[in-house]
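Kindly produce the complete structure, drawing on both the sequences and the hints.
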Amino acid sequence: MGLRIAVLVAGIADVKWRAMELGVALDGAAHDPAVARKLSPFDEAAIECALKLRDADASVHLRCIVASDSVDAGLLRAVSAYRPTSLQGVLISQDTFWDAQALAIELAPTTVCESSPADLVLVGREFGDFDDGVFAPSLAQALGHPFVALAQEIRCAGNDLVFVRELSNARECIQTQAPVVASMTNAKSNRLRYPLMKNVMAAKREPALMSPLAESQQLRTRRAVSVMAVIAKARHDAPCRMVSGTEDEQARAVADFLGRLLNAEV
Amino acid sequence: MSDVNVFVVIIPGDDQAGGAAGLLASARRIATAGMPGIVHAIVLGSPDEAAMPQKLLAAGASSVCLVSHESLAQPVQGGQLLELLLAALPGATRDCAKDKPSLFLFAASSLADEIAAGAAFRTGATALGRCANIQIQDERIVASRVAFGGRIKVVLSALAMHCFACIRPTDTGAPVLAGDAIVGQVREITCTGALTAPLTATFEAQPASGRRVDLAKVVVSGGRGIGGPEGFEQLGALASALDGALAGSLPAVDAGWVPVTSQVGQSGNYVTPLVYVAVGISGTLQHLAGIGPNVRIVAINNDPEAHIFQEAQIGVVADWRAVVPLITAHLQAEAVN
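Listed in order, the protein sequences are those of chains Y and W. For the first sequence, the residue numbers in our numbering are 1 to 266. For the second sequence, the residue numbers in our numbering are 267 to 603.
No lab work stands behind these hints: they were computed from the structure. Check the hints yourself; a few may be wrong.
Said to hold, decoys possible - List of simulated lysine-lysine pairs, DSS-like, C-alpha gap at most 25 Å:
| id | chain 1 | residue 1 | chain 2 | residue 2 |
| --- | --- | --- | --- | --- |
| 1 | Y | 52 | Y | 198 |
| 2 | W | 419 | Y | 38 |
| 3 | Y | 198 | Y | 16 |
| 4 | Y | 52 | Y | 188 |
| 5 | W | 419 | Y | 16 |
What the hints assert, rightly or not - Partial chain W-side listing against chain Y, Cβ under 10 Å, derived:
| id | residue |
| --- | --- |
| 6 | 381 |
| 7 | 421 |
| 8 | 443 |
| 9 | 522 |
| 10 | 578 |
| 11 | 595 |
None of the values given here were measured: they were computed from a predicted structure. C-beta atoms are modelled at their ideal positions from N, C-alpha and C, and glycine is treated no differently.
Next up, the structure:
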């Protein structure tokens, strides 16, 4: 059996929905089921990198886990269209989504591929709408694996895995042995391919079920945050001040505005 | 006396990112709202500069703990820094009230995310993530951060006693103490336990992409409307005149005009500068999801119907090729005067 890869995806609420339309209640508990979940760019990067590894070696076992707080199976079907070796839809309560550590503990056992631990666990650098980078390193801790952050490409080199990532002034290649957890960030090189139409149709015909996991004792003791309030954010109420005049007058007005703003900050 | 023990954890690169002293000043405001409280600094690895301990003391640190290990890989890696922090925590926190909650603050970065989340997991603490604001209410740590790509702000209360969080330093970190008024002490902790072997890393040099966009006070960003990589040289000049960072939208990154590390948007960096200058950017929701809700936007676009003008505070309908060099020239002339 080849490399065992587990990819966890969470999806995000379609960005066309504005804050007030998302249906998140003041306590963070409720969510409008009509708001469809889509793969985030980071989910897509994780899936594409796993598919590239499978392209290079047909013996790769690709397991995908779709975690969502919605029973809508659209996200599950979207992933199914890439024909992973195994696929699981996991229904997670929204209060767990607010707590990335608890979520990592809950999802860590799902990464097992056919009774064996995954060699490579991939997850987007942000896991769903609620996470800002805590989930992936927490998952590495929950699994006890080394962690590589913000990878853009992955390739095999003998028994090692090589992760490529872009720093501000260099490309870094990190070589390590499995098992390992990596968070993926989007790049031109890992833009998700379109699935074959026959696979899209096959995914639509298959039953797709989001099933809850039994809450473990460990999870109950580790839940670490509670939501006090949720506030819809509005950028500002005032209309944009349009600057007219010649190009030089416009430029001077903008320069004055920027200068005043920055001087006030100093 | 503060209700919470507050620590700032300084990691290599923090000074480049925005200032260890600035993080300390922000932490002092959190420690006791309205009356700067007691904050201790833990410096992991070699400080970016030799004078950092004195800078931190002058910025108001009650103590500075320098934590080192002779086997620390260079450049530093998150896994080793996490081990170093965990090894040093008992010594670094020995003089603090054990019955009070503790808050460990990092300057936001991907490396800090990794260490803070790992340390929280290993110590049974709460990982609060990247917070916009943190307050201490009745000996409890309450944090606000954004979710849903910046569309929603959530206020979280930590249930665990101790918390690890990342914030973007908003203070300058200017000295508040001098001379005999500096009473804080510097301690050194040299860890000797075996560290996990570092991951093997090799590097290919690339042209430096300048200041980090996620921590800059001014971001000048270009989109599809810039038309090519040459235009970003002019935007770079404007960014330099403003002491800011150069960024781009997804189409600009996809076209290869700016590196992906400089991408702003839902699929790129989330930025919260003082001002965001959007040039040739239409203002899709995906792009706006990467800009903090309180950020002032200056929009320059030749399409008066562009959505960016609905979100901007000040707008210019013009060809950026004509206006941007003039803005740069005016700013440079102002700086000379």
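Right, here's what the structure says about each hint:
1. Y:52 with Y:198: Cα-Cα ~20 Å, so holds.
2. W:419 with Y:38: It holds: about 21 Å lies between the C-alpha atoms, which stays within 25 Å.
3. Y:198 with Y:16: violated (28 Å)
4. Y:52 with Y:188: It holds: about 14 Å lies between the C-alpha atoms, which stays within 25 Å.
5. W:419 with Y:16: Satisfied, since the Cα-Cα distance of roughly 18 Å is no more than 25 Å.
6. 381: holds (8 Å)
7. 421: Residue 421 of chain W check passes; min Cβ-Cβ to chain Y is 4 Å, inside 10 Å.
8. 443: violated (21 Å)
9. 522: holds (7 Å)
10. 578: holds (5 Å)
11. 595: For residue 595 of chain W, the interface hint holds, since the closest Cβ of chain Y sits about 8 Å away, which is under 10 Å.
Checked against the numbered hints above, the structure breaks hints 3 and 8 and satisfies the rest.
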